[in-house]
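Letter 65 of the sequence shown, counting from 1, is numbered 65 in UniProt numbering, and no numbers are missing.
Please keep in mind that the hints were generated in silico from the structure rather than gathered at the bench. Computed from a prediction, not measured in an experiment: that's the story for all the values here. Don't take every hint at face value.
[Stated by the list, open to error] Estimated spans, in silico, between C-beta atoms of each pair:
(1) Arg44 to Arg131: 20 to 28 Å
(2) Arg108 to Ala177: 16 to 24 Å
(3) Gly34 to Arg101: 34 to 42 Å
(4) Leu119 to Leu67: 22 to 30 Å
(5) Met1 to His120: 19 to 27 Å
(6) Gly34 to Ala177: 17 to 25 Å
(7) Asp152 to Arg108: 35 to 43 Å
(8) Ala72 to Arg92: 34 to 42 Å
(9) Asp37 to His189: 16 to 24 Å
(10) Arg92 to Asp17: 28 to 36 Å
(11) Asp37 to Asn156: 18 to 26 Å
Just so it is clear, CB atoms sit at the ideal spot from N, CA and C, and this is done for glycine as well.
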Amino acid sequence: MTDVVLPCRDEAPALPDLLARMPAGYRPIVVDNGSSDGTADVARACGARVISVAEPGYGAAVHAGVLAAGPADGVVCVMDADGSFDPAQLPRVAAPVLTGRAHLGTGRRRPAVPGVWPLHARAANAVLARRLRRTTGLPVHDIGAMRAVRRDDLLNLDLRDRRFGYPLELLIAAGRAGWRVVEVDVDYHPRAAGTRSKVTGTLLGTARAVRDMSAVLAR
1 MTDVVLPCRD EAPALPDLLA RMPAGYRPIV VDNGSSDGTA DVARACGARV
51 ISVAEPGYGA AVHAGVLAAG PADGVVCVMD ADGSFDPAQL PRVAAPVLTG
101 RAHLGTGRRR PAVPGVWPLH ARAANAVLAR RLRRTTGLPV HDIGAMRAVR
151 RDDLLNLDLR DRRFGYPLEL LIAAGRAGWR VVEVDVDYHP RAAGTRSKVT
201 GTLLGTARAV RDMSAVLAR
């Protein structure tokens, strides 16, 4: 069984369809990070395990979900819960880790329809990914929100960022640790109706994410 950490803040409209499409052998852990729309109740009604995290921030939610996952040497996946990713593609991301070809599997977003990835967010991602390739040598093109890794390997990296810088800190730490990283294409769909991105949905959200990630790069 592979646990799937789904960090959530006000993602209730997306959860029923998302959880219904979870592939066999993949067990969702919904991490409610201060939702006000009944996210936790919807997730429980759909049969998902739910944990609540008071500390705000994407990294805080992911870290709590990883701690709740198991077994220690098992593979854990992380995926946004807004409906923009297809759970059926989780095995594609996890396969390199499950087969021992990689320490970390990551998804490279490929827009399923025009306009799904706002230009300002796509440009910011490209700049950060290019800088990451230059400084770490990792063959990645996306600071993506879909990944797979063994739980104990991830915790041993001792990541500290609890905000939007978490995914970038993970990749930097993986590069420093000499990890094998495999990036695979995943479809990137429009978010579920009734949800809104905390990052790509607004220029301010993107600016905050870039700020957090720039702080990680400066360490």
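- Could you tell me whether the CB distance from alanine 72 to arginine 92 stays inside 34 to 42 Å? Check failed, 24 Å falls outside 34 to 42 Å.
- Message: Against the range 17 to 25 Å, how does the distance between the Cβ atoms of glycine 34 and alanine 177 compare: consistent or not?
- Response: Between glycine 34 and alanine 177, where Cβ atoms are some 32 Å apart, the hint is violated.
- For the pair glycine 34 and arginine 101, does the Cβ-Cβ distance stay inside 34 to 42 Å? Taking Cβ atoms as reference, glycine 34 and arginine 101 lie about 37 Å apart, which means the hint holds.
- Message: Quick check on a hinted range of 19 to 27 Å for methionine 1 and histidine 120, using CB atoms only.
- Response: Given a distance of about 39 Å, which is not inside 19 to 27 Å, the answer is violated.
- Task: Can you let me know if the beta-carbon spacing of arginine 108 and alanine 177 is within 16 to 24 Å?
- Result: 21 Å, holds
- Item | Assessment of proposed distance window 16 to 24 Å (beta carbons of aspartate 37, histidine 189) | With a Cβ separation near 21 Å, aspartate 37 and histidine 189 satisfy 16 to 24 Å, so the hint holds.
- Query: Falls inside 18 to 26 Å, the C-beta gap from aspartate 37 to asparagine 156?
  - Reply: Once the Cβ atoms are compared, 35 Å apart, the range 18 to 26 Å for asparagine 156 and aspartate 37 is violated.
- Consistency of beta-carbon spacing, leucine 67 to leucine 119, with hint 22 to 30 Å: 36 Å, violated
- Message: Is 28 to 36 Å respected by the C-beta to C-beta distance linking arginine 92 and aspartate 17?
- Response: Since arginine 92 and aspartate 17 have Cβ atoms about 19 Å apart, the given range 28 to 36 Å is violated.
- Message: Is 20 to 28 Å respected by the C-beta to C-beta distance linking arginine 44 and arginine 131?
- Response: 41 Å, violated
- Whether the CB-CB distance between aspartate 152 and arginine 108 falls inside 35 to 43 Å: With Cβ atoms ~25 Å apart, the hint is violated.
Of the numbered hints stated above, those contradicted by the structure are hints 1, 4, 5, 6, 7, 8, 10, 11, listed in ascending order.
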